[in-house]
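Asker: What follows is the residue order along each chain.
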Amino acid sequence: MAYRTEGFTALADPTRRAIFERLAERPSAVGELAEELPVSRPAVSQHLKVLKEAELVIDEPDGTRRIYRVDPEGVDALRAYLDQFWNQALAAFKRVVEQKEEDHS
Amino acid sequence: MNVQAPATSVTKSITVEAPIERAFQVFTEEMQTWWPPEHHLLDAPLAEMVVEPRGGGDIYDLGTDGSKCRWARVLRYEPPTLFVFSWDIDLQWQIETDLERTSEVAITFTPEGDARTRVDLEHRNLDRHGDGWEKLREAVGGPDGWGLGLGRFAQTAAA
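Residue numbers (numbering that gives the first Met the number 0), protein chains in the order written: chain A, 0 to 104; chain B, 0 to 158.
A couple of the hints might just be wrong.
As the list claims (entries may be wrong) - Only some residues are given here: those of chain B computed to face chain A with a beta carbon under 8 angstroms:
| no. | residue |
| --- | --- |
| 1 | Phe26 |
| 2 | Trp34 |
| 3 | Leu61 |
| 4 | His122 |
By construction, these hints were calculated from the structure, which means they are not laboratory data. A virtual CB, placed ideally from N, CA and C, is assigned to each residue, including glycine.
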C-alpha cells in the first residue's frame, strides 16, 4: 500500500494535480505541458519525475521526446482523484464552518 | 492517510471547531458555501446547490441559465449525526442513470465536547461504477476511457 500513500502525497501539490489532470485528458510531452500551464519546462520535468516515482504516470519515447501518460498499472486513478477532491472539499468545509462559528460568537 | 481502508473506498476524517448541529447544517443545507466551486457538471455557471433535507430527496445544481443537474440522492438524513448521499456520476463524469452503478458518500458527525466536532467521511463502493472501474487500468490511458472524462472535468475545473 505504500505506493498509494506516495501517489496521494504527489497529488497534494496543485501544480502536479494540474499536470496529472492534463495527462489524464491526453498523453503529452514536457513541452506541451509547459505551454499549457504557467510553469517552466524544468519545473514540469521535476513534477513529472515525482508523479512517475509515485507510479501515477509513465513515459515512453516518441522520436526525440518522451510522452507522458497516466499510469494504467499504477494507482486506481478514480480513487486517487477522489482522495484529493475530498481533501480539498473538507478543508474548505472546515474553513467555512469555523468562520461561521466566529461570526456567531 | 488511512491505508487500512478498502481499495474501493476513500476515507477522510477532520475535526472542526464548531458544535455538531452547526457542522451538520453547514455540510448539508449550506453545501454551496464550501463545495469546490469548479466541481460542477453544469455547462452554465452555478446559481445554487440544493440539498433536499430528507431521505429520498435529491441533491442538484441549478445553473444561472435555469438548467438543473441532479447528481445525487439523499440516502440518509439524520441530523446532526449522519448524512449519506449517492454519487450518481459515472466514470466519464456524466450523470449515471443506472443506480446499480453508483457509489455513495457517508458522513458521520461525532461531538468532541460542546464546540468541537469530528467529521468522518467515507466515499465507498467505488467498484460499483462497474465496467469502467474494472477496466480502468486499460481504459484510463485510452482516447475513449475515463481519462477523457477526467480531462473534461479538469477543463471545467480550469474554466
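Asker: Where does the structure disagree with the numbered hints, that is, which hint numbers, in rising order?
Answerer: As far as the earlier hints go, only 3 is violated by this structure.
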